[in-house]
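There are 2 protein chains.
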Amino acid sequence: MLIYANPRHAGHSGRQEMYRGRLVPCHEVPARLEHVLAELARRPLGEIREAPPVARALLEAVHAPRYLRFLETAWQQWVALDPANAALDALPSVWPVRGFRADLEPANFAARLGLYSFDAGTPLTEGTWAAAEAGAACAAAAAFSLAGSGAPRAAVALTRPPGHHAGADFFGGYCFVNNAAVAAQALREQGARRVAVLDVDYHHGNGTQSLFYERADVLTLSIHGDPRTEYPFYLGHADETGAGAGLGFNLNLPLPAGTDFAHWRAALATALARIAAFAPDALVVALGVDTYEGDPISRFRLASGDYLQLGADIAGAGLPTVFTLEGGYAVAAMGTNVVNVLEGFEAAAR
Amino acid sequence: MLIYANPRHAGHSGRQEMYRGRLVPCHEVPARLEHVLAELARRPLGEIREAPPVARALLEAVHAPRYLRFLETAWQQWVALDPANAALDALPSVWPVRGFRADLEPANFAARLGLYSFDAGTPLTEGTWAAAEAGAACAAAAAFSLAGSGAPRAAVALTRPPGHHAGADFFGGYCFVNNAAVAAQALREQGARRVAVLDVDYHHGNGTQSLFYERADVLTLSIHGDPRTEYPFYLGHADETGAGAGLGFNLNLPLPAGTDFAHWRAALATALARIAAFAPDALVVALGVDTYEGDPISRFRLASGDYLQLGADIAGAGLPTVFTLEGGYAVAAMGTNVVNVLEGFEAAAR
Ligand SMILES: [Zn+2]
Ligand SMILES: [Zn+2]
Chain A
1 MLIYANPRHA
11 GHSGRQEMYR
21 GRLVPCHEVP
31 ARLEHVLAEL
41 ARRPLGEIRE
51 APPVARALLE
61 AVHAPRYLRF
71 LETAWQQWVA
81 LDPANAALDA
91 LPSVWPVRGF
101 RADLEPANFA
111 ARLGLYSFDA
121 GTPLTEGTWA
131 AAEAGAACAA
141 AAAFSLAGSG
151 APRAAVALTR
161 PPGHHAGADF
171 FGGYCFVNNA
181 AVAAQALREQ
191 GARRVAVLDV
201 DYHHGNGTQS
211 LFYERADVLT
221 LSIHGDPRTE
231 YPFYLGHADE
241 TGAGAGLGFN
251 LNLPLPAGTD
261 FAHWRAALAT
271 ALARIAAFAP
281 DALVVALGVD
291 TYEGDPISRF
301 RLASGDYLQL
311 GADIAGAGLP
321 TVFTLEGGYA
331 VAAMGTNVVN
341 VLEGFEAAAR
Chain B
1 MLIYANPRHA
11 GHSGRQEMYR
21 GRLVPCHEVP
31 ARLEHVLAEL
41 ARRPLGEIRE
51 APPVARALLE
61 AVHAPRYLRF
71 LETAWQQWVA
81 LDPANAALDA
91 LPSVWPVRGF
101 RADLEPANFA
111 ARLGLYSFDA
121 GTPLTEGTWA
131 AAEAGAACAA
141 AAAFSLAGSG
151 APRAAVALTR
161 PPGHHAGADF
171 FGGYCFVNNA
181 AVAAQALREQ
191 GARRVAVLDV
201 DYHHGNGTQS
211 LFYERADVLT
221 LSIHGDPRTE
231 YPFYLGHADE
241 TGAGAGLGFN
251 LNLPLPAGTD
261 FAHWRAALAT
271 ALARIAAFAP
281 DALVVALGVD
291 TYEGDPISRF
301 RLASGDYLQL
311 GADIAGAGLP
321 TVFTLEGGYA
331 VAAMGTNVVN
341 VLEGFEAAAR
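Chains as they are written, first to last, in UniProt numbering: chain A, 1 to 350; chain B, 1 to 350.
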């Protein structure tokens, strides 16, 4: 497989996130990706490349232009408010609830920050935009690498910040640019008639779902902790099946806290059967490993060894596949768990 | 005039609010109301009474029952999460942005807190519900006191937390229960055919506007800092004129930073002319004095003496009038400014 690693990921390094009324250290840290790269050095699975820049038009096919413009310049605006802000992360403190307007972009920075976000756990830092844009470039390059004769069976966007919680015009859940959506859109633009996006992160892929909710050309599926009790709370229920032309093209498989691999794998089989019925030309896997039993903020019980089988099961779909790296907060186990998925995939895909 | 003072206001005393990525001390403090009571002791304007309990049905005519149930028990739920939370205020850290669902109430407390809020500047504390409910009781009692022969011309709900930012099912802007809306609804229920609510706080009365936006029986008007740059940012523009049956029954008069009393008073004249054309049976004034030149978070330039004229101008409408206390954060000047409004009203109403 081909691997595109984000050279700018470490520039996004949040200091604090809001949790239960106070500021606490961030879970989404650069060491997460470093552990994956270190494990790949021990167990090589393919060439590691740097991605070319991503086309703005591709980003704008996924995200609202005004949102991208905001992200691009947000740090400069934040520091312009007060030079002392350079020592802080930008976190939203006001947002538009039901009945408020989103059609007008306020002049006030805090108001724009809140307009474009859905949590105060996703610090925007000096290097955030560069990291997010370079991550989207990895996702796009991974997708484009699957075209043509001699193309690999799979390509991986090894990046952070993750992407699957980001919607057309909002960040949250540690995500700014939706890498899985960028990959799916890139696959469509290079000729895939239908693309499936399978989200195996512990948390519902709300951003990806919402981006394709009214489209029949991209099937979105997510296996995740029940949003009644698990982040992102306000989306991810089983009755969300798409709308308009996209009706029937979203499948949510929420599972209770404590789910082990046997039960998780049964949900995966359901998702893979739906994918097979859809008969896509390509597959995007939003790969979070916060389903791991040791994850500090999640409540499934997958063991490290289970990820080999998970990868093999996904390879069984027999599709050109892009992996994007999403969550996983048991930092020291990240390398083993992610590389197990990829190795399991490769072994089964051979 | 009759004055209903909230005996439980001091139980709502927030420790910190989020501002620009960090937690800072609260502006909305018990001393605000103590200064008004102290000034009223020096310049008595009428009997100060305690209000009887407010009917739940009246609160539910303004706010969603599930929102009220949440507020009532929120502190107990917060502390049940972790006994150490008793030393902290509850502040939201995740919320439903565009496309998220609000129809289902999550089981998770943080998710419910975010579902029902629009900022992280409004700490929910141990005494919040009791203070908010007792404040609504003051507003209701003030409204009910205006009925019958021998009724006073005006009644005042001297309370905090303020109310005008709170909507049907959300808190924010230091507000939990919309006291002005409770007063307007109480006036309607006791026989007023039409009621006008005039908001003179520095900040747009977004909650009040949204509560009556589709109703023709309650005219809402607000004179405030331009929401492009001023809180609450996402509502309060001049083009918001009501919807459905309420079309034409909302008037916003946003004014630029730096507005002095001469210009502010011209906007008041516009509002009073609209009220006269509406010919209501009663008037509710959402009385914030954060239009004061010394206010630490606002940018108009009204002087303390101007509030006498402001009160006199409002008396000129010739209507039975309920005042609810809203913002004002120049704490030491609160007493003078609020009592000046009331004294100006009384002098002109005689
Ligand atoms: Zn996750
Ligand atoms: Zn105010």
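Some clues are possibly wrong.
Said to hold, decoys possible - Computed Cβ-Cβ distance ranges for the label pairs, DEER-style:
hint: 1; chain 1: A; residue 1: A38; chain 2: B; residue 2: R22; range: 33 to 39 angstroms
hint: 2; chain 1: B; residue 1: E60; chain 2: A; residue 2: A262; range: 44 to 50 angstroms
hint: 3; chain 1: B; residue 1: P256; chain 2: A; residue 2: H237; range: 28 to 34 angstroms
hint: 4; chain 1: A; residue 1: A57; chain 2: B; residue 2: A107; range: 39 to 45 angstroms
hint: 5; chain 1: A; residue 1: A243; chain 2: B; residue 2: A151; range: 26 to 32 angstroms
hint: 6; chain 1: A; residue 1: A262; chain 2: B; residue 2: E214; range: 25 to 31 angstroms
hint: 7; chain 1: A; residue 1: T241; chain 2: B; residue 2: E189; range: 17 to 23 angstroms
hint: 8; chain 1: A; residue 1: A38; chain 2: B; residue 2: A31; range: 52 to 58 angstroms
hint: 9; chain 1: A; residue 1: A243; chain 2: B; residue 2: G244; range: 23 to 29 angstroms
hint: 10; chain 1: A; residue 1: A61; chain 2: B; residue 2: A64; range: 36 to 42 angstroms
hint: 11; chain 1: A; residue 1: R193; chain 2: B; residue 2: P296; range: 56 to 62 angstroms
hint: 12; chain 1: B; residue 1: A238; chain 2: A; residue 2: A64; range: 21 to 27 angstroms
hint: 13; chain 1: B; residue 1: A262; chain 2: A; residue 2: A61; range: 38 to 44 angstroms
Read the hints as simulated data drawn from the structure, not as lab findings.
These numbers were taken from a predicted model, which means no experiment stands behind them.
Quick reminder that beta carbons are idealized off the backbone N, C-alpha and C, glycines included.
A quick look at each hint next to the structure:
no.	hint	result
1	A38(A) x R22(B): 33 to 39 angstroms	holds (34 angstroms)
2	E60(B) x A262(A): 44 to 50 angstroms	holds (47 angstroms)
3	P256(B) x H237(A): 28 to 34 angstroms	violated (45 angstroms)
4	A57(A) x A107(B): 39 to 45 angstroms	holds (42 angstroms)
5	A243(A) x A151(B): 26 to 32 angstroms	violated (54 angstroms)
6	A262(A) x E214(B): 25 to 31 angstroms	violated (52 angstroms)
7	T241(A) x E189(B): 17 to 23 angstroms	violated (43 angstroms)
8	A38(A) x A31(B): 52 to 58 angstroms	holds (56 angstroms)
9	A243(A) x G244(B): 23 to 29 angstroms	holds (24 angstroms)
10	A61(A) x A64(B): 36 to 42 angstroms	holds (38 angstroms)
11	R193(A) x P296(B): 56 to 62 angstroms	holds (60 angstroms)
12	A238(B) x A64(A): 21 to 27 angstroms	holds (25 angstroms)
13	A262(B) x A61(A): 38 to 44 angstroms	violated (52 angstroms)
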